[in-house]
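Under this note's numbering, the letters of the sequence shown match residues 1 to 284, in that order.
Keep in mind that the hints are not guaranteed to be accurate.
What the hints assert, rightly or not - Below 16 angstroms or equal to it, Euclidean Cα-Cα: the simulated EDC-like pairs (lysine to aspartate or glutamate) are:
| no. | residue 1 | residue 2 |
| --- | --- | --- |
| 1 | Lys166 | Glu246 |
| 2 | Lys186 | Asp218 |
| 3 | Lys215 | Glu193 |
| 4 | Lys118 | Asp58 |
| 5 | Lys69 | Asp58 |
| 6 | Lys128 | Asp80 |
| 7 | Lys186 | Asp224 |
| 8 | Lys56 | Asp70 |
| 9 | Lys169 | Asp247 |
| 10 | Lys128 | Glu167 |
| 11 | Lys29 | Glu49 |
| 12 | Lys166 | Asp247 |
| 13 | Lys220 | Asp256 |
| 14 | Lys227 | Asp256 |
No wet-lab data here; the hints were simulated from the structure.
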Amino acid sequence: MAPQTWLITGSSSGLGTAIAETVLRAGHKVIATARNPIKAAQENPQIEELGGQWLKLDVTSPDTTKTVKDAICQAGGSIDVVVNNAAYSLIGSIEDMTESEIETQFSTNVFGPVRVLKGVLPFMRAQKSGTVVNISSIAGLDGLPSCAMYAGSKFAVEGMSESLSKELKSFGIRVILVEPGLFRTKFFSTFVEPAAGLNQDYIGTPLGDTLQHFKDLDGKQNGDPIKAAQRILEVVTCTGLGVGTEDMLRLPLGPDCFDRFQTKCDALQENLTMMKKIAYSTSY
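Kindly produce the complete structure, drawing on both the sequences and the hints.
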(Lines of atoms letter the chains of each structure in order from A and count residues from 1; the text may use other names and numbers.)
(Lines give C-alpha, C1' and ligand atoms only; values in the text may rest on other atoms or scores of the structure.)
Protein backbone atom coordinates (compact mmCIF):
# COMPACT_ATOMS: atom_id res chain seq x y z
CA MET A 1 0.00 0.00 0.00
CA ALA A 2 1.24 3.47 -0.92
CA PRO A 3 1.88 5.78 2.05
CA GLN A 4 -1.20 7.70 3.14
CA THR A 5 -1.48 11.14 4.70
CA TRP A 6 -3.37 11.17 8.01
CA LEU A 7 -4.55 14.19 10.01
CA ILE A 8 -5.21 13.25 13.64
CA THR A 9 -6.72 15.69 16.12
CA GLY A 10 -6.02 15.47 19.83
CA SER A 11 -2.69 13.74 19.34
CA SER A 12 -0.96 15.01 22.48
CA SER A 13 -1.95 12.06 24.68
CA GLY A 14 -3.93 8.86 25.02
CA LEU A 15 -5.49 7.20 22.03
CA GLY A 16 -4.55 10.11 19.74
CA THR A 17 -0.84 9.64 20.45
CA ALA A 18 -1.16 5.87 20.05
CA ILE A 19 -2.85 6.24 16.66
CA ALA A 20 -0.26 8.75 15.42
CA GLU A 21 2.65 6.55 16.47
CA THR A 22 1.09 3.37 15.06
CA VAL A 23 0.32 5.00 11.71
CA LEU A 24 3.84 6.44 11.44
CA ARG A 25 5.43 3.08 12.23
CA ALA A 26 3.33 1.58 9.41
CA GLY A 27 5.03 3.96 6.96
CA HIS A 28 2.35 6.61 6.59
CA LYS A 29 2.55 10.40 6.97
CA VAL A 30 0.94 12.10 9.96
CA ILE A 31 -0.16 15.64 10.73
CA ALA A 32 -0.63 15.42 14.50
CA THR A 33 -2.60 18.25 16.06
CA ALA A 34 -2.50 19.63 19.59
CA ARG A 35 -3.53 22.82 21.33
CA ASN A 36 0.06 23.14 22.55
CA PRO A 37 2.29 21.44 19.96
CA ILE A 38 5.52 22.49 21.70
CA LYS A 39 4.52 20.69 24.89
CA ALA A 40 3.13 17.76 22.90
CA ALA A 41 6.40 17.38 20.99
CA GLN A 42 8.39 17.43 24.23
CA GLU A 43 6.19 14.79 25.84
CA ASN A 44 6.01 12.64 22.69
CA PRO A 45 9.37 12.98 20.88
CA GLN A 46 8.72 9.74 18.99
CA ILE A 47 6.19 11.48 16.72
CA GLU A 48 8.76 13.76 15.10
CA GLU A 49 11.45 11.09 15.29
CA LEU A 50 9.21 8.87 13.16
CA GLY A 51 8.60 11.67 10.65
CA GLY A 52 5.37 13.15 11.93
CA GLN A 53 4.71 16.86 12.08
CA TRP A 54 2.84 18.84 14.72
CA LEU A 55 0.10 21.36 13.98
CA LYS A 56 -1.29 23.84 16.49
CA LEU A 57 -5.05 23.34 16.50
CA ASP A 58 -7.82 24.08 18.99
CA VAL A 59 -10.96 22.55 17.51
CA THR A 60 -13.15 25.04 19.42
CA SER A 61 -11.63 27.90 17.43
CA PRO A 62 -13.59 29.42 14.53
CA ASP A 63 -10.31 29.35 12.57
CA THR A 64 -10.19 25.55 12.66
CA THR A 65 -11.46 24.99 9.13
CA LYS A 66 -8.95 27.39 7.58
CA THR A 67 -6.09 25.99 9.66
CA VAL A 68 -6.92 22.46 8.46
CA LYS A 69 -7.20 23.53 4.82
CA ASP A 70 -3.87 25.38 4.97
CA ALA A 71 -2.14 22.37 6.59
CA ILE A 72 -3.40 20.01 3.87
CA CYS A 73 -2.26 22.39 1.14
CA GLN A 74 1.19 22.62 2.73
CA ALA A 75 1.31 18.80 2.90
CA GLY A 76 0.79 18.49 -0.84
CA GLY A 77 -2.92 19.14 -1.31
CA SER A 78 -4.30 15.69 -0.59
CA ILE A 79 -5.51 13.93 2.54
CA ASP A 80 -6.34 10.24 2.85
CA VAL A 81 -7.55 9.86 6.45
CA VAL A 82 -8.83 12.27 9.06
CA VAL A 83 -9.23 11.11 12.66
CA ASN A 84 -11.53 13.27 14.78
CA ASN A 85 -10.17 12.32 18.18
CA ALA A 86 -9.97 15.61 20.11
CA ALA A 87 -12.51 15.48 22.92
CA TYR A 88 -12.95 15.54 26.67
CA SER A 89 -15.62 14.50 29.16
CA LEU A 90 -17.78 16.74 31.35
CA ILE A 91 -19.04 14.47 34.12
CA GLY A 92 -21.58 15.18 36.83
CA SER A 93 -25.15 16.39 37.27
CA ILE A 94 -26.81 18.58 34.65
CA GLU A 95 -28.22 20.62 37.52
CA ASP A 96 -24.72 21.60 38.56
CA MET A 97 -23.46 22.46 35.06
CA THR A 98 -23.51 26.00 33.70
CA GLU A 99 -24.64 26.61 30.14
CA SER A 100 -21.10 27.74 29.38
CA GLU A 101 -19.67 24.42 30.59
CA ILE A 102 -22.18 22.50 28.48
CA GLU A 103 -21.53 24.68 25.42
CA THR A 104 -17.79 24.04 25.71
CA GLN A 105 -18.43 20.30 25.90
CA PHE A 106 -20.41 20.35 22.67
CA SER A 107 -18.10 22.86 20.99
CA THR A 108 -15.22 20.43 21.49
CA ASN A 109 -16.87 17.05 21.00
CA VAL A 110 -19.45 17.87 18.30
CA PHE A 111 -18.73 21.17 16.60
CA GLY A 112 -14.99 20.44 16.71
CA PRO A 113 -15.29 17.48 14.32
CA VAL A 114 -17.65 19.52 12.14
CA ARG A 115 -15.09 22.33 11.84
CA VAL A 116 -12.37 19.82 10.94
CA LEU A 117 -14.58 18.06 8.39
CA LYS A 118 -15.40 21.35 6.69
CA GLY A 119 -11.66 21.70 6.11
CA VAL A 120 -11.05 18.13 4.98
CA LEU A 121 -14.08 17.13 2.90
CA PRO A 122 -13.48 19.49 -0.06
CA PHE A 123 -10.14 17.75 -0.67
CA MET A 124 -11.63 14.27 -0.31
CA ARG A 125 -14.53 15.08 -2.64
CA ALA A 126 -12.14 16.44 -5.26
CA GLN A 127 -9.96 13.33 -5.17
CA LYS A 128 -13.00 10.99 -4.91
CA SER A 129 -11.49 9.11 -2.01
CA GLY A 130 -10.76 9.30 1.70
CA THR A 131 -11.66 7.94 5.10
CA VAL A 132 -13.27 9.81 7.99
CA VAL A 133 -12.63 8.25 11.39
CA ASN A 134 -14.83 9.73 14.10
CA ILE A 135 -13.85 8.65 17.61
CA SER A 136 -17.04 8.15 19.59
CA SER A 137 -17.30 6.03 22.76
CA ILE A 138 -19.37 3.28 24.26
CA ALA A 139 -21.00 6.29 25.93
CA GLY A 140 -22.32 7.17 22.47
CA LEU A 141 -24.38 3.98 22.60
CA ASP A 142 -25.05 3.52 26.29
CA GLY A 143 -25.27 6.56 28.54
CA LEU A 144 -24.41 5.96 32.20
CA PRO A 145 -25.40 8.08 35.21
CA SER A 146 -23.24 11.25 35.51
CA CYS A 147 -22.53 11.19 31.76
CA ALA A 148 -25.60 12.97 30.39
CA MET A 149 -23.67 15.73 28.62
CA TYR A 150 -20.67 13.64 27.60
CA ALA A 151 -22.92 10.83 26.34
CA GLY A 152 -25.14 13.42 24.68
CA SER A 153 -22.17 14.78 22.74
CA LYS A 154 -21.10 11.29 21.68
CA PHE A 155 -24.66 10.33 20.70
CA ALA A 156 -24.53 13.41 18.44
CA VAL A 157 -21.30 12.12 16.86
CA GLU A 158 -23.00 8.75 16.30
CA GLY A 159 -25.99 10.28 14.52
CA MET A 160 -23.82 12.63 12.50
CA SER A 161 -21.59 9.76 11.40
CA GLU A 162 -24.54 7.60 10.35
CA SER A 163 -25.80 10.33 8.05
CA LEU A 164 -22.34 11.24 6.76
CA SER A 165 -21.63 7.63 5.83
CA LYS A 166 -24.62 7.73 3.49
CA GLU A 167 -23.99 11.24 2.20
CA LEU A 168 -20.33 10.72 1.36
CA LYS A 169 -20.40 7.21 -0.09
CA SER A 170 -21.07 8.48 -3.63
CA PHE A 171 -17.81 10.45 -3.44
CA GLY A 172 -15.79 7.37 -2.51
CA ILE A 173 -15.43 8.59 1.07
CA ARG A 174 -15.80 6.06 3.87
CA VAL A 175 -16.87 6.85 7.44
CA ILE A 176 -15.74 4.74 10.41
CA LEU A 177 -17.24 5.26 13.85
CA VAL A 178 -14.85 4.07 16.57
CA GLU A 179 -16.44 3.19 19.91
CA PRO A 180 -13.79 2.52 22.58
CA GLY A 181 -14.64 1.04 25.93
CA LEU A 182 -12.31 1.49 28.90
CA PHE A 183 -8.71 2.01 27.79
CA ARG A 184 -5.74 2.92 29.95
CA THR A 185 -5.44 6.58 28.98
CA LYS A 186 -5.76 9.79 31.01
CA PHE A 187 -9.54 9.77 30.52
CA PHE A 188 -10.41 9.27 34.18
CA SER A 189 -7.72 11.62 35.48
CA THR A 190 -8.59 14.51 33.18
CA PHE A 191 -12.39 14.50 33.04
CA VAL A 192 -13.99 17.79 34.03
CA GLU A 193 -16.52 18.21 36.82
CA PRO A 194 -18.81 21.24 37.11
CA ALA A 195 -17.18 24.16 38.92
CA ALA A 196 -20.16 24.15 41.28
CA GLY A 197 -19.27 20.66 42.48
CA LEU A 198 -21.78 17.90 43.11
CA ASN A 199 -25.19 18.60 44.61
CA GLN A 200 -25.23 16.72 47.91
CA ASP A 201 -28.58 15.12 47.08
CA TYR A 202 -26.83 12.99 44.44
CA ILE A 203 -24.41 11.39 46.91
CA GLY A 204 -25.36 7.74 47.34
CA THR A 205 -27.44 7.71 44.15
CA PRO A 206 -26.49 6.00 40.85
CA LEU A 207 -24.99 9.30 39.65
CA GLY A 208 -22.78 9.79 42.68
CA ASP A 209 -21.77 6.13 42.83
CA THR A 210 -20.85 6.05 39.13
CA LEU A 211 -18.81 9.23 39.47
CA GLN A 212 -16.83 7.70 42.33
CA HIS A 213 -16.42 4.47 40.36
CA PHE A 214 -14.84 6.42 37.50
CA LYS A 215 -12.35 7.99 39.87
CA ASP A 216 -11.47 4.58 41.33
CA LEU A 217 -10.89 3.14 37.83
CA ASP A 218 -8.11 5.54 36.87
CA GLY A 219 -5.04 3.55 35.82
CA LYS A 220 -6.85 0.23 36.11
CA GLN A 221 -8.56 0.14 32.72
CA ASN A 222 -8.02 -3.15 30.90
CA GLY A 223 -7.79 -1.74 27.37
CA ASP A 224 -4.40 -1.25 25.67
CA PRO A 225 -4.37 1.98 23.56
CA ILE A 226 -1.62 0.66 21.29
CA LYS A 227 -3.68 -2.42 20.42
CA ALA A 228 -6.72 -0.20 19.84
CA ALA A 229 -4.68 2.01 17.51
CA GLN A 230 -3.48 -1.04 15.58
CA ARG A 231 -7.05 -2.28 15.12
CA ILE A 232 -8.11 1.18 13.87
CA LEU A 233 -5.25 1.19 11.35
CA GLU A 234 -6.20 -2.30 10.17
CA VAL A 235 -9.87 -1.41 9.70
CA VAL A 236 -8.99 1.80 7.83
CA THR A 237 -6.58 -0.04 5.52
CA CYS A 238 -8.62 -3.29 5.42
CA THR A 239 -5.60 -5.32 6.47
CA GLY A 240 -5.00 -7.80 9.31
CA LEU A 241 -8.14 -8.15 11.41
CA GLY A 242 -9.71 -5.40 9.28
CA VAL A 243 -10.00 -7.59 6.18
CA GLY A 244 -13.65 -7.75 5.10
CA THR A 245 -14.80 -4.79 7.23
CA GLU A 246 -14.86 -2.20 4.44
CA ASP A 247 -18.66 -1.88 4.53
CA MET A 248 -18.92 -1.64 8.33
CA LEU A 249 -19.65 1.71 9.97
CA ARG A 250 -19.04 0.88 13.63
CA LEU A 251 -15.83 -0.34 15.23
CA PRO A 252 -16.43 -1.34 18.89
CA LEU A 253 -13.18 -1.70 20.82
CA GLY A 254 -12.81 -3.67 24.05
CA PRO A 255 -14.77 -6.60 25.50
CA ASP A 256 -16.56 -4.19 27.84
CA CYS A 257 -17.71 -2.12 24.87
CA PHE A 258 -18.88 -5.18 22.97
CA ASP A 259 -20.85 -6.51 25.94
CA ARG A 260 -22.53 -3.17 26.67
CA PHE A 261 -23.31 -2.79 22.95
CA GLN A 262 -24.94 -6.23 22.90
CA THR A 263 -26.95 -5.50 26.05
CA LYS A 264 -28.13 -2.21 24.52
CA CYS A 265 -29.20 -3.96 21.30
CA ASP A 266 -31.13 -6.57 23.30
CA ALA A 267 -32.85 -3.86 25.36
CA LEU A 268 -33.76 -1.90 22.23
CA GLN A 269 -35.25 -4.99 20.62
CA GLU A 270 -37.28 -5.73 23.75
CA ASN A 271 -38.50 -2.12 23.90
CA LEU A 272 -39.37 -2.07 20.19
CA THR A 273 -41.29 -5.33 20.38
CA MET A 274 -43.21 -4.20 23.46
CA MET A 275 -44.23 -0.94 21.80
CA LYS A 276 -45.15 -2.33 18.38
CA LYS A 277 -48.89 -2.38 19.05
CA ILE A 278 -48.82 1.22 20.24
CA ALA A 279 -46.67 2.33 17.30
CA TYR A 280 -49.05 0.77 14.78
CA SER A 281 -52.10 2.26 16.48
CA THR A 282 -51.42 5.87 15.47
CA SER A 283 -52.13 5.92 11.71
CA TYR A 284 -55.14 7.65 10.15
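Going through the hints against the structure:
{"no.": "1", "hint": "Lys166 / Glu246", "verdict": "holds, 14 angstroms"}
{"no.": "2", "hint": "Lys186 / Asp218", "verdict": "holds, 8 angstroms"}
{"no.": "3", "hint": "Lys215 / Glu193", "verdict": "holds, 11 angstroms"}
{"no.": "4", "hint": "Lys118 / Asp58", "verdict": "holds, 15 angstroms"}
{"no.": "5", "hint": "Lys69 / Asp58", "verdict": "holds, 14 angstroms"}
{"no.": "6", "hint": "Lys128 / Asp80", "verdict": "holds, 10 angstroms"}
{"no.": "7", "hint": "Lys186 / Asp224", "verdict": "holds, 12 angstroms"}
{"no.": "8", "hint": "Lys56 / Asp70", "verdict": "holds, 12 angstroms"}
{"no.": "9", "hint": "Lys169 / Asp247", "verdict": "holds, 10 angstroms"}
{"no.": "10", "hint": "Lys128 / Glu167", "verdict": "holds, 13 angstroms"}
{"no.": "11", "hint": "Lys29 / Glu49", "verdict": "holds, 12 angstroms"}
{"no.": "12", "hint": "Lys166 / Asp247", "verdict": "holds, 11 angstroms"}
{"no.": "13", "hint": "Lys220 / Asp256", "verdict": "holds, 13 angstroms"}
{"no.": "14", "hint": "Lys227 / Asp256", "verdict": "holds, 15 angstroms"}
Violation of the numbered hints given earlier is absent; every hint is satisfied by the structure.
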